[in-house]
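**Student:** Given next are the chains, with one letter for each unit.
Number of protein chains: 2
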Amino acid sequence: MDLHGDFHVYDTTLRDGAQQEGLNLSVADKLTIARQLDGLGVGYIEGGWPGANPKDTEFFRRAAAELDLKHARLTAFGSTRRAGVRAADDPQVAALRDSGASVVTLVAKSHDRHVDLALRTTLEENLAMVRDTVGHLRAEGQEVFLDAEHFFDGYRANRDYALEVLRTAYDAGASVVALCDTNGGMLPDWVSDVVHDVIDTTGVRVGIHAHNDSGCAVANSLAAIDAGATHVQGCINGYGERTGNADLVTVVANLELKLARSVLPPGLLGDATRIAHAVADVTNFPPASRQPYVGSSAFAHKAGLHASAIKVDPDLYQHTQPERVGNDMRLLVSDMAGRASIELKGRELGFDLSSSPSLLASVTARVKELEATGFTFEAADASFELLLEEMVTGARPTYFEVESWRVITETSPLGEAVSEATVKLRASGERHVVTGEGNGPVNALDQALRTAIGQAFPEVVKFELIDYKVRILDQGHGTDAITRVLIETSDGESSWVTVGVGHNVIEASWGALVDGLTYGLRRQGV
Amino acid sequence: MDLHGDFHVYDTTLRDGAQQEGLNLSVADKLTIARQLDGLGVGYIEGGWPGANPKDTEFFRRAAAELDLKHARLTAFGSTRRAGVRAADDPQVAALRDSGASVVTLVAKSHDRHVDLALRTTLEENLAMVRDTVGHLRAEGQEVFLDAEHFFDGYRANRDYALEVLRTAYDAGASVVALCDTNGGMLPDWVSDVVHDVIDTTGVRVGIHAHNDSGCAVANSLAAIDAGATHVQGCINGYGERTGNADLVTVVANLELKLARSVLPPGLLGDATRIAHAVADVTNFPPASRQPYVGSSAFAHKAGLHASAIKVDPDLYQHTQPERVGNDMRLLVSDMAGRASIELKGRELGFDLSSSPSLLASVTARVKELEATGFTFEAADASFELLLEEMVTGARPTYFEVESWRVITETSPLGEAVSEATVKLRASGERHVVTGEGNGPVNALDQALRTAIGQAFPEVVKFELIDYKVRILDQGHGTDAITRVLIETSDGESSWVTVGVGHNVIEASWGALVDGLTYGLRRQGV
Numbered sequence: 001m002d003l004h005g006d007f008h009v010y011d012t013t014l015r016d017g018a019q020q021e022g023l024n025l026s027v028a029d030k031l032t033i034a035r036q037l038d039g040l041g042v043g044y045i046e047g048g049w050p051g052a053n054p055k056d057t058e059f060f061r062r063a064a065a066e067l068d069l070k071h072a073r074l075t076a077f078g079s080t081r082r083a084g085v086r087a088a089d090d091p092q093v094a095a096l097r098d099s100g101a102s103v104v105t106l107v108a109k110s111h112d113r114h115v116d117l118a119l120r121t122t123l124e125e126n127l128a129m130v131r132d133t134v135g136h137l138r139a140e141g142q143e144v145f146l147d148a149e150h151f152f153d154g155y156r157a158n159r160d161y162a163l164e165v166l167r168t169a170y171d172a173g174a175s176v177v178a179l180c181d182t183n184g185g186m187l188p189d190w191v192s193d194v195v196h197d198v199i200d201t202t203g204v205r206v207g208i209h210a211h212n213d214s215g216c217a218v219a220n221s222l223a224a225i226d227a228g229a230t231h232v233q234g235c236i237n238g239y240g241e242r243t244g245n246a247d248l249v250t251v252v253a254n255l256e257l258k259l260a261r262s263v264l265p266p267g268l269l270g271d272a273t274r275i276a277h278a279v280a281d282v283t284n285f286p287p288a289s290r291q292p293y294v295g296s297s298a299f300a301h302k303a304g305l306h307a308s309a310i311k312v313d314p315d316l317y318q319h320t321q322p323e324r325v326g327n328d329m330r331l332l333v334s335d336m337a338g339r340a341s342i343e344l345k346g347r348e349l350g351f352d353l354s355s356s357p358s359l360l361a362s363v364t365a366r367v368k369e370l371e372a373t374g375f376t377f378e379a380a381d382a383s384f385e386l387l388l389e390e391m392v393t394g395a396r397p398t399y400f401e402v403e404s405w406r407v408i409t410e411t412s413p414l415g416e417a418v419s420e421a422t423v424k425l426r427a428s429g430e431r432h433v434v435t436g437e438g439n440g441p442v443n444a445l446d447q448a449l450r451t452a453i454g455q456a457f458p459e460v461v462k463f464e465l466i467d468y469k470v471r472i473l474d475q476g477h478g479t480d481a482i483t484r485v486l487i488e489t490s491d492g493e494s495s496w497v498t499v500g501v502g503h504n505v506i507e508a509s510w511g512a513l514v515d516g517l518t519y520g521l522r523r524q525g526v
Numbered sequence: 001m002d003l004h005g006d007f008h009v010y011d012t013t014l015r016d017g018a019q020q021e022g023l024n025l026s027v028a029d030k031l032t033i034a035r036q037l038d039g040l041g042v043g044y045i046e047g048g049w050p051g052a053n054p055k056d057t058e059f060f061r062r063a064a065a066e067l068d069l070k071h072a073r074l075t076a077f078g079s080t081r082r083a084g085v086r087a088a089d090d091p092q093v094a095a096l097r098d099s100g101a102s103v104v105t106l107v108a109k110s111h112d113r114h115v116d117l118a119l120r121t122t123l124e125e126n127l128a129m130v131r132d133t134v135g136h137l138r139a140e141g142q143e144v145f146l147d148a149e150h151f152f153d154g155y156r157a158n159r160d161y162a163l164e165v166l167r168t169a170y171d172a173g174a175s176v177v178a179l180c181d182t183n184g185g186m187l188p189d190w191v192s193d194v195v196h197d198v199i200d201t202t203g204v205r206v207g208i209h210a211h212n213d214s215g216c217a218v219a220n221s222l223a224a225i226d227a228g229a230t231h232v233q234g235c236i237n238g239y240g241e242r243t244g245n246a247d248l249v250t251v252v253a254n255l256e257l258k259l260a261r262s263v264l265p266p267g268l269l270g271d272a273t274r275i276a277h278a279v280a281d282v283t284n285f286p287p288a289s290r291q292p293y294v295g296s297s298a299f300a301h302k303a304g305l306h307a308s309a310i311k312v313d314p315d316l317y318q319h320t321q322p323e324r325v326g327n328d329m330r331l332l333v334s335d336m337a338g339r340a341s342i343e344l345k346g347r348e349l350g351f352d353l354s355s356s357p358s359l360l361a362s363v364t365a366r367v368k369e370l371e372a373t374g375f376t377f378e379a380a381d382a383s384f385e386l387l388l389e390e391m392v393t394g395a396r397p398t399y400f401e402v403e404s405w406r407v408i409t410e411t412s413p414l415g416e417a418v419s420e421a422t423v424k425l426r427a428s429g430e431r432h433v434v435t436g437e438g439n440g441p442v443n444a445l446d447q448a449l450r451t452a453i454g455q456a457f458p459e460v461v462k463f464e465l466i467d468y469k470v471r472i473l474d475q476g477h478g479t480d481a482i483t484r485v486l487i488e489t490s491d492g493e494s495s496w497v498t499v500g501v502g503h504n505v506i507e508a509s510w511g512a513l514v515d516g517l518t519y520g521l522r523r524q525g526v
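Sequence order for the protein chains is A and B.
Residue numbers for the first sequence, in the numbering used here: 1 to 526.
Residue numbers for the second sequence, in the numbering used here: 1 to 526.
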C-alpha cells in the first residue's frame, strides 16, 4: 500500500483554512497555530502565500527566526509562473524560493477551461509553466509538491490533459501531485475511480485535497487513500472557504483508530482534543461542539436510555475510547435524562445519591423544575454541584449577602464610553461598597463584585472570567423572553461553568457571576 | 435499483435530533418544526416517543388535532415490548398504538451483547419481543418500520443473530428494516459490504440510519443507498446526540443534484435553505455557516483569486448552482480580497467602481485600514454600503447628531433588574431627550434611540433589532481587547447587518445601532 514509505499528513489551515468567512489571522496568530499543529505531529504545515500576501511574507520571515518545529516541515504555497515569463524571472516565484521553506507547494491549473478563461493562456503554455516552475525550484534545492487545482472537474472535462499536467509536474521533479477537489463536489466512489485511474495510468505519487461541499470531504479523503494516495491535505477543525477543507483530525483519527494506519508520531493523537480547542481559541471561532472525535459533545450522552447502559459498559455506546483522542465521556443532565443520568452525574461530582432514592427523586424533580424556568445544567457542572450540595446538606454555600448593585455605561467627552458598576454587600460581618470599571457592564460588575468579596476572601483575586455565552430562550416574542447566561471562571489552573437565568441579561449574568465566585471559594476549601 | 418503488426520506429531528446537547424543544416548537419539515417534502417525520416522554405524548395529542401535513406521514417511535410481557398488555406499546400516528418505528436490539447486558434477557426472548410487537401493531392497523439498533456492531459480533432479528421483523410485517449505526463508527466501504450482504441474504427492504462520529454520516448513507437501501433517516441540520445524525438535506441534495435520484416532490429542494434556517431559528441553535448546501458560507467566495474567475463564469468555482437549494452566491469583502472582490461587491450593491480606478483604490485602502482596527465588512453589507456611499459621494448619510447617551441597569426591590437608557440627540432641527427601558443595556439603548429618532422620522417605528453577535478580538489580553458587534435590523420585510467596533461592548453596540438605523432610513428613501 505504501509505495513510497512515509505517509504525508499536510495541514493547510494557515493558507486554505484562512479563506474561511470571518477568519482573520494575524502573523502572531499564525506562528502560534504553527506551533500547535507541530504539537499534533503533522508532517507539513502550509504557512501561506509569501509574495502575494504581505502578511504571509512577514510570517515566513519571522518563522525562519522564531519557529522551531519538531515534527513538521514548513511549506510555502504559490502558483506556477505567469504565462510568457521565465520562472527564474518571475518575482512571485522568487518569493517562494526565498521564503526559507524547504518545501514549496505550487498550484497549477489542470482543468482546460480554467487555463483558457481564468489564466487566459494556451494549454501548451500552461504545461510549460508547470514544467518550468517545478524544474526551477527543484534546481534551486527545494522539494516541490504540486496542487492540481480543479483536478476532478478537469479530469471529467478533458482526462488526457489533466493527466498530462500531472505527468509534466512529476517528470519535472515534483515529489507528490495532490489532486484537488477545489469546488468540493465529488463523492467517494467517484474519487476512488479517478485515483485508481491516475495511479494505474501515470504512476505518480498521489495526494488528495478535499473540500466539504457535498458533506463528504473526510470520506473522499479516505477513499483516495484507500485507492493509493499517500498524502492527505486538510485543515484542523475543518476550516476553509465555503464549507471548509477536510477536517484533518477526523481523517487522521479514522486512519489510526479504524484503519490501523500509523500516520502520526506515536502518542500524539492523544493531544488532538486539546490542540483542536487551542487552535480554536486563536482563531476566535468557537469549536463546533458536534465535531467528530474532538468536539465537546462528541462523547456526551444524553438520553436516559443510553445512560443506563453506559453504567454497564461504556463501549456499548461509544465507537472508540475518548481518551485515544484526548477527549472525555460526559453524561448530560437534562429533562430527557432519567434518574440514571442524574445519579451518574452526581457520582461524577462526588455525591452518592444511589443510597437515598427519595433524595434522588427530589433532586430530579428540582432539576426539571428549574429547567422549565430556563436553567440548563448540561453545560454548567458547577451550578449543578451547588444545587446538589444545597439539597444533600440542606444549605447552599454562601459567602456574602448582596444588598444591591447597579452598572452604568455612558459616553465620555474624552473618548470611548466606560462601564462602571457599584456593588453593596456584606461579607464576614462587614459591609462593603465597591465601584469597579470595565469594558462592558458584566465586566464592570465582575470587577466590582470580586473587589468587594476580595476584601473578605483574598482567594478571589486570581479568579478570572474567561468565557461568557448568552442565549435568548424564546418562550414567546418580546418581553417574555428569558435570557440564559453561561459563565466560565478560571483560577489559573482549572475552570468551571455556572449558569444564570432572568428576563434581563445583566440580571442573568449577575446570577452566574455570583454562583461562579461561590463555587470557586468552595473549591478553595473556604 | 428501486425494488420497492418509492424512496423514503425520513426525518428524526424531533426524536433523535432532540438528543443533541443543549437542544430543548417545547411541544409548540415541535409542531412548528413538523410543519417546516413538511414544507421540504420529507416522506416521514418521526415525532417522538409517546408514552415514555410526556412532552411527546402531548405532541402527538396536539398533532392529531392541529397538524395538517401535506407530504409527510407522522411516525411514532418506541421500543419493542418489555421482556416477559405480551405486546398487547404493554402500556408503552399501547401508547404507540394510540398515538394517532399511521406509522410506528420500533427500536429493537440487534447486537447480542446489548440483549444480554442492556435488556438483560435471552436472545430468543428478544426475537419474540420483535415478532410479537411488530405483529401486534400490524394487526392493529399501523405500518411498522424497525430500527435495528447497533446493527453494524451487532453484525460484526454475531452476524447470524443480527440477520435473524431483521428476518424476524420483516416476516412479522415490518415494511422496512433500518440498519442503525448507533455508535456512529462505520466507514462507507464497510457499510456498503454489510448492506449488500443483508440484501443478498435476507431480501428485506433496507433503510439506513447513520451518525457522524467518524465524520462519514452522509457518505455512509449514500453508500448504503448505492448498495440498495431505499429508506434514509437523518436530521435536518444534522442535529443529534454526540456528533449528530446524518444531515438529511445534504443527503437529499446529493441524491437529487448529483445522483439523479428524485426523492423529494418536484420543486421543493429549492426551499431547503430557507427551511433549514427556519428550523434553526426554532431550535435556537445558530445554523453552521459552513454547512453544505444551505450554510450561509456554502457559496461565499473570499480569495481574490477566485473572485476574479467568478466574474468570468460562476460555474468555474461552484460545484452546483446555489439557487437549486435556495441559496445565494456571495462575494466576501476582506483583506484577503483584492480590488476584484471589492469591485464586484460594489456592483452587487449598485456602485460602479470600475470606471474610476483611483476611487476603487481608495475604497480598498479604507477597507483595509478599518479592518486593521477590528471592523469586518464580510458579514455587514449595510455598513459597507454606507462606507461606499461616503466615499463615492463625499458624505455619509446622517439623520441625527448625538449629544450623549447613558444606560443604567440596577437591582430593584420589586423584582428583577431593569435596564434604562437615556439618549440626547438633535434631529431635523430639534433636540430630543428620551429615556427607554429594556431587558438589557443594548435593548434599552435601541428603544431610546428609536423613540428619539422616531419623533423626527416615524419610519423607524417598524424597525426591530433581530440579531446581535459579539466577538472579542484578542489583540492582546485584557484591556487592549477590541469588541466587534454585528447587529441585524429588520423592517418586517427584509433585514440588514451593520457592524460596530470599540473597546467597550456597549460603545461598539451603539455604533452598529446607529449605522443600522441610518441605513434603514436611507433604504426608506428618507
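It is possible that some hints are incorrect.
Which copy? The list can't say, so a pair holds if one copy fits it or any two copies do.
[What the hints assert, rightly or not] Taking lysine to aspartate or glutamate and the EDC-like style, the derived pairs with C-alpha atoms no more than 20 Å apart in a straight line are:
1) Lys-424 <-> Asp-491
2) Lys-55 <-> Glu-369
3) Lys-55 <-> Glu-371
4) Lys-469 <-> Glu-390
5) Lys-462 <-> Asp-200
6) Lys-462 <-> Glu-493
7) Lys-368 <-> Glu-58
8) Lys-258 <-> Glu-348
9) Lys-258 <-> Asp-193
10) Lys-368 <-> Asp-29
11) Lys-55 <-> Asp-193
12) Lys-424 <-> Asp-116
13) Lys-258 <-> Asp-315
14) Lys-469 <-> Glu-488
15) Lys-462 <-> Glu-389
16) Lys-70 <-> Glu-390
17) Lys-368 <-> Glu-416
18) Lys-469 <-> Asp-281
19) Lys-368 <-> Asp-98
Everything labelled a hint here was simulated from the structure, so no lab data went into it.
Predicted, not measured: the structure shown is a model, and the values here were computed from it.
**Student:** Could you run down the list of hints and mark each one as holding or not?
**Tutor:** Checked hints:
no. : hint                : result
1   : Lys-424 <-> Asp-491 : neither (24 Å within a copy, 42 Å between copies)
2   : Lys-55 <-> Glu-369  : between (53 Å within a copy, 14 Å between copies)
3   : Lys-55 <-> Glu-371  : between (48 Å within a copy, 14 Å between copies)
4   : Lys-469 <-> Glu-390 : neither (25 Å within a copy, 35 Å between copies)
5   : Lys-462 <-> Asp-200 : neither (63 Å within a copy, 65 Å between copies)
6   : Lys-462 <-> Glu-493 : within (10 Å within a copy, 49 Å between copies)
7   : Lys-368 <-> Glu-58  : between (55 Å within a copy, 17 Å between copies)
8   : Lys-258 <-> Glu-348 : neither (30 Å within a copy, 48 Å between copies)
9   : Lys-258 <-> Asp-193 : between (22 Å within a copy, 16 Å between copies)
10  : Lys-368 <-> Asp-29  : between (43 Å within a copy, 18 Å between copies)
11  : Lys-55 <-> Asp-193  : neither (39 Å within a copy, 49 Å between copies)
12  : Lys-424 <-> Asp-116 : neither (73 Å within a copy, 60 Å between copies)
13  : Lys-258 <-> Asp-315 : within (15 Å within a copy, 37 Å between copies)
14  : Lys-469 <-> Glu-488 : both (9 Å within a copy, 19 Å between copies)
15  : Lys-462 <-> Glu-389 : neither (24 Å within a copy, 49 Å between copies)
16  : Lys-70 <-> Glu-390  : neither (50 Å within a copy, 51 Å between copies)
17  : Lys-368 <-> Glu-416 : neither (44 Å within a copy, 22 Å between copies)
18  : Lys-469 <-> Asp-281 : both (15 Å within a copy, 17 Å between copies)
19  : Lys-368 <-> Asp-98  : neither (64 Å within a copy, 27 Å between copies)
This entry does not satisfy hints 1, 4, 5, 8, 11, 12, 15, 16, 17, 19, going by the numbered hints stated previously.
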